[in-house]
Amino acid sequence: MTDALDLQRLRGLAVSETGVLFDPASGNTFTMNRVATSILHALQRGLAPDRVCDVLKEEYEINPQTLERDMREFLDRLKTLGLT
Amino acid sequence: MTGLNSGDNLAPGCPVIRSLKQERAFQGDLIGLSYDALEAGLYVDGLVNDAYLLPYPSQGLEPLKTRLVSVHAASRFDVLIPNLDSELLSFIRLAPLLSERGIRFCLPTEDQLMARAKTALPDLADRCGVRVPKTLPVFDRAAAARGIKGVGYPLVVKGVFCEAYVAYSVDQALGYFDLIAARWGLPVLLQEHVTGTEFDLAAVGDGAGGMVGGVAMLKQSLSEKGKAWSGVTVNDKALFRLADRVLDALPWKGPLEFEALKAKHNDRWYLLEINPRFPAWIYLATAAGQNLPFACFRLALGETVKPMRKYRTGVRFVRYAQDLICDQAEFNSLSSSGSITREVSIERAI
Numbered sequence: 001m002t003d004a005l006d007l008q009r010l011r012g013l014a015v016s017e018t019g020v021l022f023d024p025a026s027g028n029t030f031t032m033n034r035v036a037t038s039i040l041h042a043l044q045r046g047l048a049p050d051r052v053c054d055v056l057k058e059e060y061e062i063n064p065q066t067l068e069r070d071m072r073e074f075l076d077r078l079k080t081l082g083l084t
Numbered sequence: 001m002t003g004l005n006s007g008d009n010l011a012p013g014c015p016v017i018r019s020l021k022q023e024r025a026f027q028g029d030l031i032g033l034s035y036d037a038l039e040a041g042l043y044v045d046g047l048v049n050d051a052y053l054l055p056y057p058s059q060g061l062e063p064l065k066t067r068l069v070s071v072h073a074a075s076r077f078d079v080l081i082p083n084l085d086s087e088l089l090s091f092i093r094l095a096p097l098l099s100e101r102g103i104r105f106c107l108p109t110e111d112q113l114m115a116r117a118k119t120a121l122p123d124l125a126d127r128c129g130v131r132v133p134k135t136l137p138v139f140d141r142a143a144a145a146r147g148i149k150g151v152g153y154p155l156v157v158k159g160v161f162c163e164a165y166v167a168y169s170v171d172q173a174l175g176y177f178d179l180i181a182a183r184w185g186l187p188v189l190l191q192e193h194v195t196g197t198e199f200d201l202a203a204v205g206d207g208a209g210g211m212v213g214g215v216a217m218l219k220q221s222l223s224e225k226g227k228a229w230s231g232v233t234v235n236d237k238a239l240f241r242l243a244d245r246v247l248d249a250l251p252w253k254g255p256l257e258f259e260a261l262k263a264k265h266n267d268r269w270y271l272l273e274i275n276p277r278f279p280a281w282i283y284l285a286t287a288a289g290q291n292l293p294f295a296c297f298r299l300a301l302g303e304t305v306k307p308m309r310k311y312r313t314g315v316r317f318v319r320y321a322q323d324l325i326c327d328q329a330e331f332n333s334l335s336s337s338g339s340i341t342r343e344v345s346i347e348r349a350i
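The listed protein sequences correspond, in order, to chains E and B. So that you can map any letter, position 1 of the first sequence is 1 in my numbering, and since no number is skipped, the others follow by simple counting. So that you can map any letter, position 131 of the second sequence is 131 in my numbering, and since no number is skipped, the others follow by simple counting.
Read the hints as simulated data drawn from the structure, not as lab findings. Even glycine gets a Cβ: it sits at the ideal position worked out from N, Cα and C. Just so you know, nobody snuck in bad clues.
Each computed BS3-like pair below joins lysine-lysine, with the alpha-carbon atoms no more than 25 Å apart:
#, chain 1, residue 1, chain 2, residue 2
1, B, 264, B, 134
2, B, 149, B, 134
3, E, 79, B, 262
4, B, 219, B, 262
5, B, 225, B, 118
6, B, 149, B, 118
7, B, 219, E, 79
8, B, 253, B, 65
9, B, 134, B, 219
10, B, 264, B, 225
11, B, 264, E, 79
12, E, 79, B, 237
Only some residues are given here: those of chain E computed to face chain B with a beta carbon under 10 Å:
#, residue
13, 12
14, 14
15, 22
16, 23
17, 24
18, 25
19, 26
20, 27
21, 28
22, 29
23, 82
Based on the provided sequences and hints, a complete structural model is requested.
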């Protein structure tokens, strides 16, 4: 779906249950909604993005195309912010 | 311990003491050394046992030596940790003589102190292979006017010890030149203004080119004087590599602080300054898991300190100022005889 993710970098991000993401390298803090938090937790567990979509389809009532689009946007956002 | 002033320009002395008191293995008494009877740390309940006034560094080495010998005779302290830039050269020069009397330090050499000075930093950076913003020291107004055009806009006008201002025009830059020259003397530094995110790294050098410990911090808010008023611990490997390269070229012994910037336009690191003592935010390092003041204290005693590698990121601090009600009798004692002697029960700060 996207370029290879830096799993070590992702696993270094601190994510709270309430969706606050702290990047220990830059000191920047971000807030995420529930879906984004679920995505990031799944990526940190080592799941590939395609597999994450499969898991989320079971968890949320969501149009698969919408989910894939949202996933791509989220991954692009992580990349833009230097988080992967 | 020196550097006990507080307020909006907190010196490191009080946070260094706070770090030492937090360490269960630290069993010593704490003596406050100050240049001013109104330094807040002298009056904080339970912070220092005794306190003594010192002559200003500008009065020369002999008065300072005489006073320290006298204070040592009265209080028998073992280790002296200087926390102010302006006094370091004096203590470095007096250290050999004072160590014969049993006063120990954890300090760099005079050459090393000079090598990290703002005027010498570009040369040091060259040796280490690290980047610094283009810097031009100027010694008079005419040279400043010429130099400003070479550096370009915006530029930073800096004093060798203190103060830095961003200027966007020649008139503004020359105004800052006049201000800084009047306050701090010459040279004044004209520096390329690199936009990016500033980080600080507090460390203790082991004297052999290595780092006993180090903690990095991102400033999140600043006081009016540009000091960190809140911050959070971070860990960027590139910043530590920069510090390692500097220490390898400059085998520093004792505390220091790297001020560095990650440039916005190219994501590269620039070394801005090396401060030759603990920063005022040093207690954050202790709270994050590396008690650097205690490490420095142990090094001063000649102990071998195992390097500390880990600390918690995401530890935040916010500074606050509080009015302290001072004992008039203590102020009178300090003002008249230059000392306070008290019984203090040392409570462990958490």
